[in-house]
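**Student:** For reference, each letter of the sequence shown is one residue, going 608 to 817 in the numbering used here.
To be clear, the hints were calculated from the coordinates, so they are not data collected in a lab.
Just so we're clear, the structure is a prediction, and the values are computed from it rather than from any experiment.
It is possible that some hints are incorrect.
Okay, derived cross-link-like pairs now, DSSO-like style, lysine-lysine, Cα gap no bigger than 30 Å in a straight line [claimed, not checked]:
no.	residue 1	residue 2
1	767	724
2	699	737
3	785	741
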Amino acid sequence: MTATISIRIRKVGGLAVTLALVCHLWVGLVLGVEAPTAIVKHTVDEVIRLVTDETLKAPDQASHRRQVLEETIGTLFDFEEMAKRSLAAHWKSREEAEHHEFVNLFQTLLSNSYAGKIENYSGETVNYLKERLKDGYAEVQTKVVSPKTEISLDYRLIVKDGTWHVYDVVVNGVSLVKNYRSQFDRIIRRSSYEDLVITLRDKSNEITAP
């Protein structure tokens with residue numbers, strides 16, 4: 608349960624606080640997993656720690672820094688689920704080896720598209736606003752705040768292997784998965800799946816992110 612939710616509940620009295628806490632704990636016990644907000648926050652906090660670590664800012668640490676960032680993010684993001692949802696109906700017609708290749712290419716695409724933005728972190732604050740849970744799915748709504756702007760950043764998660772994993776990110780109302788799905792489908796219909804793979808392999812930075 609986030610601080611924002613707790614503050615709002617306290618305004619309506621102790622009974623509401625008790626009921627909310629019981630409900631929240633009950634959901635966690637039934638699913639047998641840690642709360643999604645806690646999992647997202649843990650990863651975000653670790654990413655911020657890494658990008659602000661002075662020892663990792665040295666030029667000779669650039670490769671190592673990128674590696675540990677990707678490993679940290681990889682503990683939260685389910686790249687296979689994201690790739691599958693982004694490819695949508697086209698996923699079913701591909702072989703297992705193609706699935707494996709596509710997931711690797713998709714993960715590289717995300718890394719190339721977002722790692723630079725993450726490494727340019729300059730003290731923005733992440734506020735955790737709301738958590739919603741339903742039938743093994745969750746959404747953690749956050750807002751990234753800087754002196755110049757505010758960005759709505761919502762994480763959509765699914766329970767797998769006993770914990771929560773992100774399968775989509777919604778940035779200012781734009782779904783990352785839907786954005787890629789539209790681009791991938793357009794390339795496949797205009798040309799072929801093979802052309803999409805070539806595009807991902809050779810020009811991943813040219814496929815824009817929201």
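**Student:** Take the hints in turn and mark each one as holding or not.
**Tutor:** Hint check:
1. Annotation: proposed proximity of residue 767 to residue 724 holds, straight-line Cα distance about 28 Å (limit 30 Å).
2. A C-alpha spacing of about 34 Å is found between residue 699 and residue 737, which places the hinted pair above 30 Å, so the restraint is violated.
3. This hinted pair checks out: residue 785 and residue 741 have alpha carbons roughly 21 Å apart, not beyond 30 Å.
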